[in-house]
Amino acid sequence: MTDSRYPSAAQLAEAVEGFLREEVMPSVEGRLQFQTLVAANVMAILGRELTDGPAAAADHAEQLAALGFADDVQLVAAIRSGDLDGRMGEVLATLRPSVEANVKIANPKHLGPREG
Amino acid sequence: MDSGALASVVAGALGVAVVEISGLARLSGGASRQSWSFDAIHADGVEELILRLAPGGAIDLGGVGSNDVGATMLLEAAAMREAKRVGVPVPAVLVASADPKPLGGSFIVMSRIAGETIARKILRDDTFADIRPSLAAQCGDILGKLHQMNPATLPPMNDSYQLDGLRAVLDGSGVASPMLELALRWLDQHRPRETRRTVVHGDFRNGNLVISPEGVRAALDWELVHLGDPMEDLGWLCTRAWRFGGKPPVGGFGEYDELFGAYEQSSGVAVDPTVVKWWELLGTVKWGVICIVQANRHLVGGQRSVELAAIGRRLAEQEYDCLNLLEELTS
Chain V
0 MTDSRYPSAA QLAEAVEGFL REEVMPSVEG RLQFQTLVAA NVMAILGREL TDGPAAAADH
60 AEQLAALGFA DDVQLVAAIR SGDLDGRMGE VLATLRPSVE ANVKIANPKH LGPREG
Chain P
0 MDSGALASVV AGALGVAVVE ISGLARLSGG ASRQSWSFDA IHADGVEELI LRLAPGGAID
60 LGGVGSNDVG ATMLLEAAAM REAKRVGVPV PAVLVASADP KPLGGSFIVM SRIAGETIAR
120 KILRDDTFAD IRPSLAAQCG DILGKLHQMN PATLPPMNDS YQLDGLRAVL DGSGVASPML
180 ELALRWLDQH RPRETRRTVV HGDFRNGNLV ISPEGVRAAL DWELVHLGDP MEDLGWLCTR
240 AWRFGGKPPV GGFGEYDELF GAYEQSSGVA VDPTVVKWWE LLGTVKWGVI CIVQANRHLV
300 GGQRSVELAA IGRRLAEQEY DCLNLLEELT S
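Which chain is which? The protein sequence lines are V and P, in order. Using numbering that gives the first Met the number 0, read the first sequence as starting at 0 and increasing by one per residue. Using numbering that gives the first Met the number 0, read the second sequence as starting at 0 and increasing by one per residue.
Read the hints as simulated data drawn from the structure, not as lab findings. Any given hint could be a false lead.
As the list claims (entries may be wrong) - When the alpha-carbon atoms are kept at most 20 Å apart in a straight line, the in silico DMTMM-like pairs for lysine to aspartate or glutamate are as follows:
#1 P:LYS246 to P:GLU326
#2 P:LYS120 to V:GLU28
#3 P:LYS246 to P:GLU327
#4 V:LYS108 to P:GLU306
#5 V:LYS108 to V:ASP51
#6 P:LYS100 to P:ASP67
Claimed, not checked - Chain V residues, not near chain P, derived (Cβ > 10 Å throughout):
#7 ASP2
#8 SER3
#9 SER7
#10 ALA9
#11 GLN10
#12 GLU16
#13 GLY17
#14 GLU21
#15 MET24
#16 PRO25
#17 THR50
#18 ASP51
#19 ALA56
#20 ALA60
#21 ALA64
The C-beta atom is built at its ideal place from N, Cα and C for all residues, glycine as well.
One chain only, chain V, in its complex shape (with noise of 0.2 Å):
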């Protein structure tokens, strides 16, 4: 069983990213194809993002919390006035799941193999 809001957000943004790609895209030429495919990429983001981004966002937050601070703003603050300047370590391997989520929702072929 599902609820009534049916089909759900993501699945609509789904249909509307198939619609762009498949039906729009090959009877477009030029720049107008490229923005097309740009918009069926961004209604990929909206379909990842409806379907991971509360428990992406949950997770940012006890992150955060374990780091003891209420939100990003609160961090970067910390970060600007040199509060956490010897625990640069601790609060990249902190954080890391969240921009790694981030990068899943923005663009997941981006989270390759680390290079150097």
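Could you slot chain P onto chain V? The hints should help.
Same frame as chain V, now just chain P:
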């Protein structure tokens, strides 16, 4: 695009009575400038040309570039002329103007160089298989020459917007990014000693190079030319965003030592890889800030565009690349 107006601009520049514009087509890509390809047919022959146009008035890049689009267009043209003199492959400038009246914006008309600019094709098409292994060295050779351009031949340039400017733009953007902030903090505390101050291209990377099966034919997009540490150009060329999924660090097509070796040979100056790495991280932060600025052009700048909005989300990639670089630099 008013092809009648374009025809009279080109006719004036060529010194001929009548020009017929043929095959006028807008090229895709290019979020801040328009590029148009066309042929100019006149009594003595055909010129294959590109029009670079900054439509409308000033674009607020918030300090990442100059706000005066007309002045920037003239600087760009002057830089290409000086680059040609020192042996950097560039299009020949036919005419440049900051007057928005004839074409609706400041513009440059230049020769069209045959070749490919689309980075993914350069990295993957068989046509470029033979030339790919030598591209990093060619870039090093070209940059070594480029950094010998005479700044006195150019209009006044920005020279100090890099690190402090990026921080100011980020502050004004309304976006709190812990990764960009960590990178800025580290960069600020590890500033390399500047050994040379030269003309810097500012956007020399895969995607702004015209490449044919014979090699690099032209360096394009001189709008960010400025005075600074020449190592900035090497670091930017190696920034991950410009590898387009390719594994090798230099533009996705080559290795650091190929770039550095050729640069040292053509410039006579030794390369310190740790300084290039500093600029690579700065380039990653800069790309992140530009992502935000581009999104804001759409969100608050009155330039509605799904392309600009989408570029905003590429911030996530830059944050991830900052994280990896910071781990590498601090481990």
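So, going through the hints one by one against the coordinates:
no. : hint                 : result
1   : P:LYS246 to P:GLU326 : 19 Å, holds
2   : P:LYS120 to V:GLU28  : 18 Å, holds
3   : P:LYS246 to P:GLU327 : 17 Å, holds
4   : V:LYS108 to P:GLU306 : 19 Å, holds
5   : V:LYS108 to V:ASP51  : 16 Å, holds
6   : P:LYS100 to P:ASP67  : 16 Å, holds
7   : ASP2                 : 28 Å, holds
8   : SER3                 : 31 Å, holds
9   : SER7                 : 21 Å, holds
10  : ALA9                 : 17 Å, holds
11  : GLN10                : 21 Å, holds
12  : GLU16                : 13 Å, holds
13  : GLY17                : 17 Å, holds
14  : GLU21                : 18 Å, holds
15  : MET24                : 13 Å, holds
16  : PRO25                : 16 Å, holds
17  : THR50                : 16 Å, holds
18  : ASP51                : 13 Å, holds
19  : ALA56                : 13 Å, holds
20  : ALA60                : 13 Å, holds
21  : ALA64                : 14 Å, holds
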